[in-house]
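Trainee: Sequence:
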Amino acid sequence: MQMTRHNCSAPPPMEGLLSLYNVRDFIELSQKHTMHAGIVLAAQRSWHLSTLIPALERLLIETTAEEWLGQVRWLNQWRT
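With the first letter of the sequence shown counted as 1, position 3 gets the number 3 in this note's numbering; the numbers rise by one all the way through.
Just so you know, the hints here were simulated from the structure itself, not pulled from any lab data.
Idealized CB from N, CA, C, for every residue including glycine.
All clues stand as given, with none of them false.
Taking CB as the label site, the calculated pair distances span: (1) Met35 - Thr80: 30 to 36 angstroms; (2) Thr34 - Thr80: 26 to 32 angstroms; (3) Arg73 - Arg45: 17 to 23 angstroms; (4) Thr63 - Val23: 16 to 22 angstroms; (5) Thr80 - Glu28: 27 to 33 angstroms; (6) Arg24 - Leu52: 17 to 23 angstroms; (7) Thr80 - Gln44: 17 to 23 angstroms; (8) Val23 - Leu49: 17 to 23 angstroms; (9) Leu29 - Asn76: 16 to 22 angstroms; (10) Gln31 - Thr80: 26 to 32 angstroms; (11) Gly70 - Leu49: 25 to 31 angstroms.
Turn these sequences into a full structure, and let the hints steer you where they fit.
Mentor: Quick look at the structure:
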């Protein structure tokens, strides 16, 4: 997935999407480094590939890169 670059005084956030299950680590990192392109959290035990793919697809359809700057959100918001 290609994320769009943003025009702001700070350097642009890193492009791309990274999906990992290290929830605690990423919460700590997001608090330390507030300028990021967005973090999606998911509890590994509650997801199967058959529900993960549609949730990620909804996330990509329903949100824009601009909405994600500095945001940390749970993938459960897009679970059907």
